[in-house]
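Quick note on numbering: full-length UniProt numbering labels position 269 of the sequence shown as 269, and the sequence is numbered without any gaps.
Please note: incorrect hints may appear among the correct ones.
[Unchecked claim] With a cut-off of at most 27 Å between alpha-carbon atoms, the simulated DSSO-like pairs for lysine-lysine come out as follows: (1) K191 - K25; (2) K25 - K13; (3) K13 - K36; (4) K163 - K36; (5) K25 - K36; (6) K191 - K36.
I should point out that these hints are in silico values taken from the structure, not numbers from a laboratory.
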Amino acid sequence: MICPRCAASLTRKQRSGRICAHCGKRFALDPAVHGKGMHDIRIRAIAERATDHGRLKITLTQLWYLSRSRNYAWAGRDPEGVPAKIRWLVALPVAAALVACAVLTGGLLAFLAGAAACTALVVASSMRHRPGQLPHGQIIPAEQTFRALMNGSWSATYEGLPKGVVDDARPVPRPRGANRSGTSVPVSRPKAAILCTDRVVALFLTANGIPARLEAGLVEVGDADGTGGRPTVLAAALSALAQYRSGLPVVVLHDADPQGVLLAPLIRGAQPDRVVVDAGLPVSAVRGKQGFVRLARPDPLADAEQLRTVAGLPEADAQWLGEGFWSPLAAVPPRVLESIVVRAVERALAAPQPPPHEDLTHGFLTWPQAPRTPQTSRARGTRPPGTGTYKKKGTSSA
Numbered sequence: 001m002i003c004p005r006c007a008a009s010l011t012r013k014q015r016s017g018r019i020c021a022h023c024g025k026r027f028a029l030d031p032a033v034h035g036k037g038m039h040d041i042r043i044r045a046i047a048e049r050a051t052d053h054g055r056l057k058i059t060l061t062q063l064w065y066l067s068r069s070r071n072y073a074w075a076g077r078d079p080e081g082v083p084a085k086i087r088w089l090v091a092l093p094v095a096a097a098l099v100a101c102a103v104l105t106g107g108l109l110a111f112l113a114g115a116a117a118c119t120a121l122v123v124a125s126s127m128r129h130r131p132g133q134l135p136h137g138q139i140i141p142a143e144q145t146f147r148a149l150m151n152g153s154w155s156a157t158y159e160g161l162p163k164g165v166v167d168d169a170r171p172v173p174r175p176r177g178a179n180r181s182g183t184s185v186p187v188s189r190p191k192a193a194i195l196c197t198d199r200v201v202a203l204f205l206t207a208n209g210i211p212a213r214l215e216a217g218l219v220e221v222g223d224a225d226g227t228g229g230r231p232t233v234l235a236a237a238l239s240a241l242a243q244y245r246s247g248l249p250v251v252v253l254h255d256a257d258p259q260g261v262l263l264a265p266l267i268r269g270a271q272p273d274r275v276v277v278d279a280g281l282p283v284s285a286v287r288g289k290q291g292f293v294r295l296a297r298p299d300p301l302a303d304a305e306q307l308r309t310v311a312g313l314p315e316a317d318a319q320w321l322g323e324g325f326w327s328p329l330a331a332v333p334p335r336v337l338e339s340i341v342v343r344a345v346e347r348a349l350a351a352p353q354p355p356p357h358e359d360l361t362h363g364f365l366t367w368p369q370a371p372r373t374p375q376t377s378r379a380r381g382t383r384p385p386g387t388g389t390y391k392k393k394g395t396s397s398a
């Protein structure tokens, strides 16, 4: 291991107690103790890149995603076979009855009864059972472990978190000139609204004054009752947007999950007079490319048919979400996330006001051509609400 203080190469004995034997100074993390990738030099370099050398503020959750050493995701599966308790609950009484029959009888009938008893026991012992499992994912190190290291050992060693990193478990400091809502633009005068379903992303935008810079209002919505139901989030989004004028453009930021990909089409259907730009994380990018965080969780509302018809997803993307896979928007590198939000707001402001039922969807990272004019739409026919610009790319590597 390289000492982060003096750059000396240290053996395990030379760094006992996380103190360098050469310079005598303490460091925070030891990969041999805290796991692969948990090294002061690596974490500091990741934080420096993520903050764009101090220009941006990022949250501790974002740093955790970027500092991950491994990421796994497993789809759910149904149980297979018969559980052992049920097998033996049936096999043992049957075998006992057959043995009793063999004892009480004789000749060929006794032989057949004994053979049947042995067969029942052999079959019961040879049968295998694989229990079912729910979709689940894992990031190494775990979030709680990483937070404890950064708030504990790292903060004690360096007297605080890395430069530009704020703990999102605590109130995030507002940029200079911002009011209590996190923006210097009055709510009654924004040029656009940024609707965000991820608390970490909303904190990142607020801490960097991005809504104020874009003269946009930031609307954070989430699942109030914790059930993950789309009606709850949609109702919260529509209620929050009610404070803005009806024609105000809206940029929707969301995770690559069923709730997220359906939110923009549903808002567009409920308020067709708004320009609704979907700037969320697209399923096609996450499913078909490396570098994104892939997780899995049970989602009873992940209906592949609805994802195809309402959100306009390709079959492969809808199936991927239907299996429980998803990816958080907060795991996108902060500089890329900032660029996407800026471009999405600019696109929303430049887009013409859509007539009723006009569809306007923009993808993530790659923008489509200029929106069709009403004349072009009438000539070619309008698409149903929810049809997006996602393209099928690659195969799932989750």
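Hint by hint, here is what the structure shows:
1. K191 - K25: Not satisfied, since the Cα-Cα distance of roughly 53 Å exceeds 27 Å.
2. K25 - K13: 15 Å, holds
3. K13 - K36: Holds: K13 and K36 sit about 18 Å apart, inside 27 Å.
4. K163 - K36: 23 Å, holds
5. K25 - K36: 22 Å, holds
6. K191 - K36: 46 Å, violated
When each numbered hint is compared with the structure, violations occur for hints 1, 6.
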